[in-house]
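Novice: Sequence:
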Amino acid sequence: MRIEPDIGGASVVVVGNFNPAIFTPHWLSTQGLITTAEADAANVVLIHPEVAQIEFANTIMNAHPNQFSLETTQAPWVSLVDLVGRIFGEMLPHTPIFQFGINRNVHFSVEKEAVRNQIGRILAPLDPWGEWGQEIASQDVPYRGGVSHLTIQQKWSDGAFKGSLNVTVEPSVKIAGNTGIYVRVNDHCELVDREEIDGTAKLLAFMRNRFDDSIRKSEQIVDQVMSLRERVS
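Heads up, the sequence shown is in my numbering, so the first residue is 455 and it goes up one at a time.
For the record, the hints were derived by calculation from the structure and aren't laboratory data.
Treat the hints loosely; a few may be bogus.
[Said to hold, decoys possible] Cut-off 30 Å, straight-line C-alpha distance, at most; resulting in silico cross-link-like pairs (DSS-like, lysine-lysine):
#1 K656 x K609
#2 K656 x K616
#3 K566 x K628
#4 K616 x K671
#5 K566 x K671
#6 K628 x K671
#7 K609 x K566
#8 K656 x K671
Could you put the whole structure together from the sequences, leaning on the hints where they help?
Specialist: Here's what the structure looks like:
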């Protein structure tokens, strides 16, 4: 990426039917999914029939009855899909799963608030809004307006699967000085037929095969947003 992110991460989310209470550090360790040392060092935020949240050194695990996720700020990102594949492909293969999401998120600074505002105008021009757009353009701090949340979606299909690539751009609330931009890329996929035989296994295999290209495309999109920095002064 042409701008070094201040904050960045990735996550994998699967949607299906889960038993959150089973996901404990001890269970993960006894299944050989993590080491005993990792299990002992884990921070168990909550384990309950309706929700489980566990914090490991570089990974956060969340489980709900209809959703399971792993997120990290530490590359290599492929470790996420590897662990999801081992949990549900090897240890819990009969778990119904019918959707997944591969997510990449980045917060980066463009150093000046005025630069960020100009990038916002490129992404969401005010001219098409006519008189109201002129009103927005004429206002300054603390009443300056402009784009606060922009999402672009591309739909796709591939045999037994369909989905969408969803890109969100917002002002970053994690970078001080109103100079930060947040970009999140969500690659969403689902089974066309949820009743398909071996649907879980097919979905997990498709996710693993798609993962590297998905992350690569996500980072290309993030880099394209970063390139707008070069168009303004």
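Novice: A separate judgement is required for each hint: does it hold in the structure or not?
Specialist: Checked hints:
Pair hint K656 plus K609 holds up; C-alpha atoms about 20 Å apart against a cutoff of 30 Å. Note on K656 and K616: the hinted pairing holds, with a Cα-Cα distance of about 13 Å set against a maximum of 30 Å. Between K566 and K628, the direct Cα distance comes to roughly 15 Å. Compliance with the 30 Å bound is thereby established for this hinted pair. Annotation: proposed proximity of K616 to K671 holds, straight-line Cα distance about 17 Å (limit 30 Å).
The straight-line distance between the Cα atoms of K566 and K671 is roughly 27 Å, inside the 30 Å bound, and the hint therefore holds. Between the alpha carbons of K628 and K671 the distance comes to roughly 24 Å, so the proposed pair stays at or under 30 Å and holds. Under the criterion of a C-alpha separation no larger than 30 Å, the hint pairing K609 with K566 is inconsistent with the structure, at around 34 Å. For the hint pairing K656 with K671, the CA-to-CA distance comes to about 22 Å; that is within 30 Å, so the pair holds.
The structure fails hint 7 only (numbered hints given earlier).
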